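Work out the full structure: start from the sequences and follow the hints.
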Amino acid sequence: MSAAIASELTCKELVELVTDYFEDRLATDENRRFELHVCSCTGCRVNLAQMRALVRAAGRLVENDVPVAVRDGLLRTFRAWKRT
Amino acid sequence: MFAYKFLAAGAIAPFTGRAWPQPGPRGPGAWIVAPQGDLARYGVHACRLDDLSYWHDEELWLVELGEPILSARFQLAAGRGRLLQRIIAWNAASAREYAAACAWRARDLVAEALDRAGLAAEASALRACLDLVSLQASATAIAGDAARDEPRGLVAYAAGAAMRARQGRFPEASLQSAHLGAALTAGEAGAEHERAWQARWLAHRLQLREIAARSGVGASAV
Chain A
1 MSAAIASELT CKELVELVTD YFEDRLATDE NRRFELHVCS CTGCRVNLAQ MRALVRAAGR
61 LVENDVPVAV RDGLLRTFRA WKRT
Chain B
85 MFAYKFLAAG AIAPFTGRAW PQPGPRGPGA WIVAPQGDLA RYGVHACRLD DLSYWHDEEL
145 WLVELGEPIL SARFQLAAGR GRLLQRIIAW NAASAREYAA ACAWRARDLV AEALDRAGLA
205 AEASALRACL DLVSLQASAT AIAGDAARDE PRGLVAYAAG AAMRARQGRF PEASLQSAHL
265 GAALTAGEAG AEHERAWQAR WLAHRLQLRE IAARSGVGAS AV
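Those protein sequence lines, which keep their order, are chains A and B. 1 is the number of the first residue of the first sequence in the numbering used here; add one for each residue after it. 85 is the number of the first residue of the second sequence in the numbering used here; add one for each residue after it.
No wet-lab data here; the hints were simulated from the structure. Hints should not be assumed to be uniformly reliable.
Here are a few chain B residues that sit away from chain A, every Cβ distance over 12 Å (derived from the structure) [as the list claims (entries may be wrong)]:
#1 H140
#2 E276
#3 R298
Distance condition first, Cα-Cα at most 25 Å in a straight line; then the derived SDA-like pairs of lysine to any residue [stated by the list, open to error]:
#4 A:K12 - A:V66
#5 A:K12 - A:R52
#6 A:K12 - A:D24
#7 A:K12 - A:V55
#8 A:K12 - A:L54
#9 A:K12 - B:R157
#10 A:K12 - A:R56
#11 A:K12 - B:D229
#12 A:K12 - A:L26
#13 A:K12 - B:A270
#14 A:K12 - B:A118
#15 A:K12 - B:A177
#16 A:K12 - A:N31
#17 A:K12 - B:D199
#18 A:K12 - B:G271
#19 A:K12 - A:W81
#20 A:K12 - B:G237
#21 A:K12 - B:G252
#22 A:K12 - A:A27
#23 A:K12 - A:L36
#24 A:K12 - A:A69
#25 A:K12 - B:E276
#26 A:K12 - B:G108
#27 A:K12 - B:F158
#28 A:K12 - B:A221
#29 A:K12 - B:V117
#30 A:K12 - B:R232
#31 A:K12 - A:E30
#32 A:K12 - B:G274
#33 A:K12 - B:R253
#34 A:K12 - B:G163
#35 A:K12 - B:E151
#36 A:K12 - A:E35
#37 A:K12 - B:R289
#38 A:K12 - A:D29
#39 A:K12 - A:T42
#40 A:K12 - B:D141
As the structure is a computational prediction, the values presented were derived from the model and not from experiment. Cβ atoms here follow ideal geometry from the backbone N, Cα and C, with glycine treated the same way.
Spelled out as C-alpha cells, the structure:
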C-alpha cells in the first residue's frame with residue numbers, strides 16, 4: 001500500500017530496510033516507523049515473517065546441506081546473471 | 085502505570101517473538117524486564133488508549149508497566165511490564181466490526197467531501213449503500229480513473245476500506261481511513277484525527293475504561 005501520509009513508510013521502503021531492521025541498524029524513530037507500517041499492512045507482516053523464517057533456516061545450513069546438483073545449478077545461474 | 089498491549093496469538097510479542105508470561109489463578113503474569121540500553125528502543129512497549137489504532141494485532145491485553153516509563157509519540161516504553169488481563173472483547177468478530185466501522189467512517193467523510201465539491205448525486209449514492217459490497221461497488225464506480233487528490237478520486241479510499249473490511253483485513257481498512265484523513269486535510273493532522281476516532285471506537289466497543297475500572301486500575305489506567 002502506498003503512503004498518503006508523508007512520514008509513513010511505504011511497502012517498497014520497508015523491503016529496502018528489512019535487512020537493516022534485522023541487524024538492528026535502524027535509528028530508533030525509523031525502527032518505530034518500520035514497526036508501525038508492519039502493524040498496518042498484512043502483506044508486509046507476512047513478508048517479515050517469511051524473512052525471519054528464511055534467516056532462521058538459512059542460519060542452520062552448512063555447505064554440505066546443499067545437494068551438489070542444486071549448488072551447481074545455482075552457481076550457473078549466478079554466473080550467467082553477472083554477465084548480463 | 086497501566087496501559088494496553090497488542091500481542092500476536094498466544095501472547096507472543098510480534099517483533100521480538102518473545103512469549104509473555106500469562107496471568108493465572110494466582111495473579112498477573114511475571115514481569116518482563118527490558119534489557120539495558122535506549123529505553124525508547126529496547127523498553128517494554130505499550131499503548132495509551134490513543135495509541136491503540138496504530139498497533140493492531142490478534143490479542144489485546146491490559147498491562148502494568150514499571151518505572152522508568154517514557155512517554156513517546158505513538159507508544160510508551162517502560163523498564164518492565166507484565167500482563168494483567170486479556171481483553172477478550174477484542175476477537176475476530178470485533179475486529180471485523182472495527183474494519184467495517186472504518187469503512188463506513190470513510191464513506192461518511194468522502195460523502196461530505198463530495199457534497200462540498202457540488203457532487204451531491206455521488207454523495208447520495210454512497211449514503212444509500214447498506215452493506216460493504218454495495219459500498220465497494222458504488223465507491224469504485226464513482227472514483228473511476230480520477231486522481232486521488234480530486235474529490236471523486238478520494239472515494240477510492242472508501243472503496244479500498246470497504247474491500248479490506250469485507251476481507252476482514254482490519255489493519256488495512258483502518259489505514260485506508262487514515263490515508264483519507266490525510267488526503268482530505270493535505271497533512272498528517274487529518275490522519276491523526278482519524279486514528280484518534282478509531283482509538284475512541286476501540287475503547288468504546290471493547291469497554292476498555294470499564295474493564296480497567298473493574299480491574300481496580302481505572303484511576304491510573306492511561
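Comparing the hints with the structure gives:
The beta carbon of H140 of chain B sits about 5 Å from the closest Cβ of chain A, which is not more than 12 Å, so the claim that it is off the interface is violated. For E276 of chain B, the requirement that its beta carbon stay farther than 12 Å from each beta carbon of chain A is not met, with the minimum near 9 Å. Against the 12 Å criterion, R298 of chain B stays outside the reach of chain A, whose nearest CB is about 28 Å from its own CB. Distance restraint check for K12 of chain A and V66 of chain A: the Cα-Cα separation of roughly 31 Å exceeds the 25 Å cut-off, and the hinted pair is therefore not satisfied.
At roughly 18 Å between alpha-carbon atoms, K12 of chain A and R52 of chain A fall within 25 Å of each other, so this suggested pair holds. Proposed proximity of K12 of chain A and D24 of chain A is supported: the alpha carbons are some 19 Å apart, at most 25 Å. For the proposed pair K12 of chain A and V55 of chain A, the alpha carbon gap of about 20 Å is at most 25 Å, so the pair holds. With a CA separation close to 19 Å, the supplied pair K12 of chain A and L54 of chain A stays within the 25 Å bound.
Taken as a hint, the K12 of chain A and R157 of chain B pair is honoured in the structure, with Cα atoms around 24 Å apart against an allowance of 25 Å. The hinted pair formed by K12 of chain A and R56 of chain A meets the criterion: a straight-line CA distance of about 23 Å does not exceed 25 Å. Between the alpha carbons of K12 of chain A and D229 of chain B the distance comes to roughly 24 Å, so the proposed pair stays at or under 25 Å and holds. Pair hint K12 of chain A plus L26 of chain A holds up; C-alpha atoms about 16 Å apart against a cutoff of 25 Å.
Between K12 of chain A and A270 of chain B, the direct Cα distance comes to roughly 22 Å. Compliance with the 25 Å bound is thereby established for this hinted pair. Between K12 of chain A and A118 of chain B, the direct Cα distance comes to roughly 31 Å. Violation of the 25 Å bound is thereby established for this hinted pair. Note on K12 of chain A and A177 of chain B: the hinted pairing is violated, with a Cα-Cα distance of about 31 Å set against a maximum of 25 Å. For the hint pairing K12 of chain A with N31 of chain A, the CA-to-CA distance comes to about 15 Å; that is within 25 Å, so the pair holds.
For the hint pairing K12 of chain A with D199 of chain B, the CA-to-CA distance comes to about 35 Å; that exceeds 25 Å, so the pair is violated. Only pairs whose Cα atoms come within 25 Å are accepted, and K12 of chain A paired with G271 of chain B is accepted, the gap being roughly 21 Å. At roughly 23 Å between alpha-carbon atoms, K12 of chain A and W81 of chain A fall within 25 Å of each other, so this suggested pair holds. Restraint check for K12 of chain A and G237 of chain B: satisfied, since their Cα atoms lie roughly 23 Å apart, inside the 25 Å limit.
The straight-line distance between the Cα atoms of K12 of chain A and G252 of chain B is roughly 23 Å, inside the 25 Å bound, and the hint therefore holds. A distance of roughly 18 Å separates the Cα atoms of K12 of chain A and A27 of chain A; the hinted pair therefore holds under the 25 Å criterion. Between the alpha carbons of K12 of chain A and L36 of chain A the distance comes to roughly 15 Å, so the proposed pair stays at or under 25 Å and holds. Between K12 of chain A and A69 of chain A the alpha-carbon distance is near 34 Å, which puts this suggested pair outside the 25 Å criterion.
Pair hint K12 of chain A plus E276 of chain B holds up; C-alpha atoms about 23 Å apart against a cutoff of 25 Å. At roughly 42 Å between alpha-carbon atoms, K12 of chain A and G108 of chain B are farther apart than 25 Å, so this suggested pair is violated. Only pairs whose Cα atoms come within 25 Å are accepted, and K12 of chain A paired with F158 of chain B is accepted, the gap being roughly 23 Å. A hinted pair counts as satisfied when its Cα atoms are at most 25 Å apart, and K12 of chain A with A221 of chain B does not qualify at roughly 28 Å.
At most 25 Å may separate the alpha-carbon atoms for a hinted pair to count; K12 of chain A and V117 of chain B exceed this at roughly 34 Å. Distance hint between K12 of chain A and R232 of chain B is fulfilled; the C-alpha atoms sit about 20 Å from each other, no more than 25 Å. The straight-line distance between the Cα atoms of K12 of chain A and E30 of chain A is roughly 15 Å, inside the 25 Å bound, and the hint therefore holds. With a C-alpha separation of about 24 Å, the suggested pair K12 of chain A and G274 of chain B falls inside the 25 Å cut-off, and the hint holds.
Between K12 of chain A and R253 of chain B the alpha-carbon distance is near 20 Å, which keeps this suggested pair within the 25 Å criterion. At roughly 33 Å between alpha-carbon atoms, K12 of chain A and G163 of chain B are farther apart than 25 Å, so this suggested pair is violated. Simply put, K12 of chain A and E151 of chain B have alpha-carbon atoms about 37 Å apart, too far for the 25 Å limit, and the pair is violated. Only pairs whose Cα atoms come within 25 Å are accepted, and K12 of chain A paired with E35 of chain A is accepted, the gap being roughly 14 Å.
Straight-line distance between C-alpha atoms of K12 of chain A and R289 of chain B comes to about 34 Å, which puts the hinted pair past the 25 Å bound. For the given pair, K12 of chain A sits about 18 Å from D29 of chain A by alpha-carbon distance, which is consistent with the 25 Å threshold. Distance check on the hinted pair: K12 of chain A and T42 of chain A sit about 14 Å apart at the alpha-carbon level, within 25 Å; holds. Proposed proximity of K12 of chain A and D141 of chain B is supported: the alpha carbons are some 22 Å apart, at most 25 Å.
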